[in-house]
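Protein chains: 6
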Amino acid sequence: MSKPVVVRRVELPPRDAVTALEQYGVSTVHEAQGRIGLLAPYMRPIYPGAAIAGHAVTVSLPPGDNLMIHVAVEVCTPGSILVVAPTSPSTDGYFGELLATSLRAHGVKGLIIDAGVRDVRPLTEMKFPVWSRAVSSQGTVKATLGSVNVPIVCAGAAVEPGDVIVADDDGVVVVKRTDAVTVAGASKQRIDKEAGTRQRLAKGELGLDLYGLRAKLKELGLDYQ
Amino acid sequence: MSKPVVVRRVELPPRDAVTALEQYGVSTVHEAQGRIGLLAPYMRPIYPGAAIAGHAVTVSLPPGDNLMIHVAVEVCTPGSILVVAPTSPSTDGYFGELLATSLRAHGVKGLIIDAGVRDVRPLTEMKFPVWSRAVSSQGTVKATLGSVNVPIVCAGAAVEPGDVIVADDDGVVVVKRTDAVTVAGASKQRIDKEAGTRQRLAKGELGLDLYGLRAKLKELGLDYQ
Amino acid sequence: MSKPVVVRRVELPPRDAVTALEQYGVSTVHEAQGRIGLLAPYMRPIYPGAAIAGHAVTVSLPPGDNLMIHVAVEVCTPGSILVVAPTSPSTDGYFGELLATSLRAHGVKGLIIDAGVRDVRPLTEMKFPVWSRAVSSQGTVKATLGSVNVPIVCAGAAVEPGDVIVADDDGVVVVKRTDAVTVAGASKQRIDKEAGTRQRLAKGELGLDLYGLRAKLKELGLDYQ
Amino acid sequence: MSKPVVVRRVELPPRDAVTALEQYGVSTVHEAQGRIGLLAPYMRPIYPGAAIAGHAVTVSLPPGDNLMIHVAVEVCTPGSILVVAPTSPSTDGYFGELLATSLRAHGVKGLIIDAGVRDVRPLTEMKFPVWSRAVSSQGTVKATLGSVNVPIVCAGAAVEPGDVIVADDDGVVVVKRTDAVTVAGASKQRIDKEAGTRQRLAKGELGLDLYGLRAKLKELGLDYQ
Amino acid sequence: MSKPVVVRRVELPPRDAVTALEQYGVSTVHEAQGRIGLLAPYMRPIYPGAAIAGHAVTVSLPPGDNLMIHVAVEVCTPGSILVVAPTSPSTDGYFGELLATSLRAHGVKGLIIDAGVRDVRPLTEMKFPVWSRAVSSQGTVKATLGSVNVPIVCAGAAVEPGDVIVADDDGVVVVKRTDAVTVAGASKQRIDKEAGTRQRLAKGELGLDLYGLRAKLKELGLDYQ
Amino acid sequence: MSKPVVVRRVELPPRDAVTALEQYGVSTVHEAQGRIGLLAPYMRPIYPGAAIAGHAVTVSLPPGDNLMIHVAVEVCTPGSILVVAPTSPSTDGYFGELLATSLRAHGVKGLIIDAGVRDVRPLTEMKFPVWSRAVSSQGTVKATLGSVNVPIVCAGAAVEPGDVIVADDDGVVVVKRTDAVTVAGASKQRIDKEAGTRQRLAKGELGLDLYGLRAKLKELGLDYQ
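Protein chains in written order, with my numbering: chain A, 1 to 225; chain B, 226 to 450; chain C, 451 to 675; chain D, 676 to 900; chain E, 901 to 1125; chain F, 1126 to 1350.
Isolated chain A, as found in the complex:
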């Protein structure tokens, strides 16, 4: 049964793991944790080049109503990333430069919203990164409750409060809080391994040889003409 609720405290992921994951980026982290946790590719950054990681403060709110974002600000802490999902599909502009100013004052690193955002020019100028499904000026009301820091589904991915959010030009991925350290380790391994691969590919070596794929092709019966 669902009732509006605000959970003030969430357990945080280890700070070092978050810092590491931010460095590795979305594609590496997504692969390193077994190709899970990716938000839908319609989630795009409002300007190129931003790359952040932080712990999720989740918001579930009704369509066309941003009351709960104002509520969520109070429970954010330095390093938070606000993750907002309306209870039904929406492209309205729940968020703009004033809310970004407020979030920044509380140390929030960015916003992930499965809906619209506005004031993209001021947001770009103040370098407050947002990943959204739409840019829209459409204003919202403050009439109906939702919840803060409950499990949500955002852009097709399940997110729990305190999970690590990693976002960059490739999109957004969520890492379970309890997996953060392991995934950071696996990401590092992947990065290290790729360095060698990159060098060999740059010299013209083929992936077919490098990854040992020729045997598989033969087994599958690929016909070369």
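There could be a bad hint or two in this list.
To be verified - Going by beta-carbon spacing under 7 angstroms, a handful of chain A positions derived as facing chain C:
hint: 1; residue: Val-26
hint: 2; residue: His-30
hint: 3; residue: Glu-31
hint: 4; residue: Arg-35
hint: 5; residue: Pro-41
hint: 6; residue: Asp-170
hint: 7; residue: Gly-171
hint: 8; residue: Gly-207
hint: 9; residue: Leu-222
Quick caveat, the hints were computed from the structure, so don't treat them as lab data. If you're wondering where the values come from, they're calculated on a predicted model, not measured in any experiment. For glycine and all other residues, C-beta sits at the position ideal for the given N, C-alpha and C.
Using the hints provided, position chains B, C, D, E and F relative to the given structure of chain A.
Quick look at chains B, C, D, E and F alone, frame taken from chain A:
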């Protein structure tokens, strides 16, 4: 009953109001006039940073046919913004650099088209701003009539000739010609008020307190845990 | 009947025609060949400003599986453009910076993929151009065969190996290999003719007069008010 | 400037014209009035075979909030068709069997809603026709005002209170109140003319001959091989 | 970290609650549990009139690969509903009449799949209900592992193995296993209450009066003209 | 280079193969020919239960213009299926009951159109089957040429004149004319084989055993818990 027609003269909105609305931008104007008049968020600028306002010269044309854009150029005047809607959904490229050259020669400030546009690189270089639903080279014919300066629906919004169009990185909004002065005034008030709000939020004050939302949350029965 | 196959050799289009088509760009080439061959407008470049032409190496592969891209690298030659279409709609990230490194080592000029791409920041930095329907980190497997250098449909356009691909900020167009020289010629004519048109339009002359459209409007019965 | 308002009385279209338009159906009426007024094709009936016409009672409401539908019931009269458009895109289920029961008690003939509807089985059983963009159980709140009997844009078409709505398996079309008689006449002419055409086509006569298109094809230069 | 796994046993919801929820239907259950748990409205039944409830056996599988559906059959038990979500968006036809025959032999009541289904005529004839996002013949391979009976996100809703799935003409809703009894109770209350409401509305009483909305409208300042 | 052309004569597929393919249906034929040739799943029949096969008469036409359908009627022969693709995306209603009457008089079995159709009720009553991407009354003009019986891409599939079209409740598939006999044979084999499979599955035997998948699962390392 519908017959193709070109209305040569439209009443213009007050010039000062247009200048003011251009300054305030789409999100502020949209809010100031009561959250109406926004075009659908799929209308995106072809390059970032453009921000214009002007009076609408409207064009209704058949899908895949840009004859009426050529007709419309003749009735444009300095400060016009061309607002084009095909009679059925289309992403074809009705407009490119040559038409932009022509429009610019007649003082037109930009194009809003619920369809496609092409030559985006030359258009970007000559800084002719376009908001469109698509970028597409798909060519069009010049075979069938439509109308110029009649009421149209463009990207979900009703637009009448002479209405004010405001467009920037947030999208496109239409202001009724007769509302232009009032909406400009309300926009200014909003901007002025937000300056104070911004300062307080930047210092860490919460929107919950600033907007007096705590009483409402209590009344609605929000459960803090 | 369909069986996985790799065709190693394809006939190439004349080099001069390819060089010319690259210069003329997508919109001109598309018009010059009679408004055919355009890929769907959802195919967008991952960064602005890239403009390439080359001969198509085609790849048909199963959804979520990039094995055949690795196979295709081996049959690419300097000047190739890889054209990839999954056998059912997909936004997965079949391609990233490592594959781009490999393709570049073999002289490939870019990628056209009716699916997703990842590593957009590194790809942008190394200036390896990609036109895709999505940006997505979603990883793929290497389990099932497809075909290389067979006729495919990519983003709604039929592409045969050895056809010329032209891609820029306006999108992507395909020119049949055997039409390349003729289309290059027609493109040049069009460019030359437009130079004069541009000058006259810039001086304020109307397209209605320049293109002789007034008689047609009269014949169609356009009603001026 | 926009403020919530309910207009109690609207001028009605002539009853005979409405009855006639209902008989002619959407495609004929749409053609007869010059191919205007059609709502977007995503508006589909919840069951096949319904065919109605009536005068529009319009509702503009916020996303996810059906308060104004309850308000609108009071101003409906026998023969009304409720036309509902949220102020931003939505697929929520604003309407179900209880509201249909209420509307039917007041003589309302059906619902056109640019959003979702639920209880489609009971609605089908009670033969209350609905054209909608979605079927969805998603519940709505009753928190925020909108307007009743103001001009709206519904599914891309401008609708004014008192306009005639015609809806059947082909979709939904709006006829301006003041055009109703003329369009009914033009529809009748079209129906009458088509009867003869149908007979001739059924005997194998070609449209090319019947509509006299061969001269046009020759003029346009069609090449038969 | 994600590794393919099959969980053989899941805890089942109380049988009586499932039976009750099946009777109440999707819209009532969705409202009764606080407007949560609804799958996206693009999930439509392949034929009208089916209405089922059962416990979820969940399947996460790669795009274009139905190997794990075959695996899942073995862990289904009488009353199961198979809930299938590919790891990236897909419309392929993972399921047809042979798999339905197999599932039916093991007592499975139906299929919920966030992808495509084929053989809709035979499935309709054998009355095996399916809710899907698409109908598609597109065949799939059996090459790559996924998981059975792990938490998944299906069409935007989080589903855990053993949760109750309710599906009918309105769509699909998921009820947490541990909420099943409470939600069944709340659904019954809702149904009972609506019976009285229906009678009063049928007599012409207004929802405005019945739900006591007039005071709210006055407080919100609705302007009647 | 593209010029409008009508090819009067096309080579036809063997009649027996067409008859056989009609019987086997879309899903079987699609599988039997190696999972190729399927049109996009948005192509849906306007009423359930239709199942046809025939040789393609192809039409390429401009958006919003149905002149070439009238031209195509003349080159249709008994057993033809008209396959229509606009040169850019469109949902207009190019086709209705009068054209169906005309086509039927010439023995045409049905229509496949990557656009809209209207008069769905009369078409259903006269049992003229249509597969389309939309139902729409939107009228079209007769102003611009296209081509008849040239290779086209329809809903993502390449179709040549004389190819076999198979269409039923599962969608539409195209079989190359020269593959018709082989594919009919492979379809028959598939149908025969499935009869035995169906019986065994109906008795409760698992696909895992029947298809010998357990070894593969072990090899892939599936973890049962």
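Each hint tested on the structure:
Interface hint at A/Val-26: satisfied, since its Cβ lies 5 angstroms from the closest Cβ of chain C, which is below the 7 angstroms cut-off. At its closest, the beta carbon of A/His-30 sits 5 angstroms from a beta carbon of chain C; the interface hint therefore holds under the 7 angstroms criterion. Interface hint at A/Glu-31: satisfied, since its Cβ lies 5 angstroms from the closest Cβ of chain C, which is below the 7 angstroms cut-off. This hint holds: A/Arg-35 has a C-beta 4 angstroms from the nearest C-beta of chain C, less than the 7 angstroms allowed.
Evaluation of the A/Pro-41 hint against chain C yields a held restraint, the C-beta minimum of about 4 angstroms falling below 7 angstroms. For the restraint placing A/Asp-170 at the interface with chain C, the shortest Cβ-Cβ distance is roughly 5 angstroms, inside the 7 angstroms limit, so the hint holds. Annotation: A/Gly-171 was flagged as interfacial toward chain C, and the flag holds, the nearest CB pair being 6 angstroms apart, inside 7 angstroms. Using the Cβ-Cβ criterion of 7 angstroms, the hint placing A/Gly-207 at the interface with chain C is satisfied: the shortest such distance is roughly 4 angstroms.
With 7 angstroms as the threshold, the beta carbon of A/Leu-222 comes within range of chain C, its nearest partner Cβ sitting at about 5 angstroms, so the hint holds.
Comparing the model with each numbered hint stated earlier shows that all of them hold.
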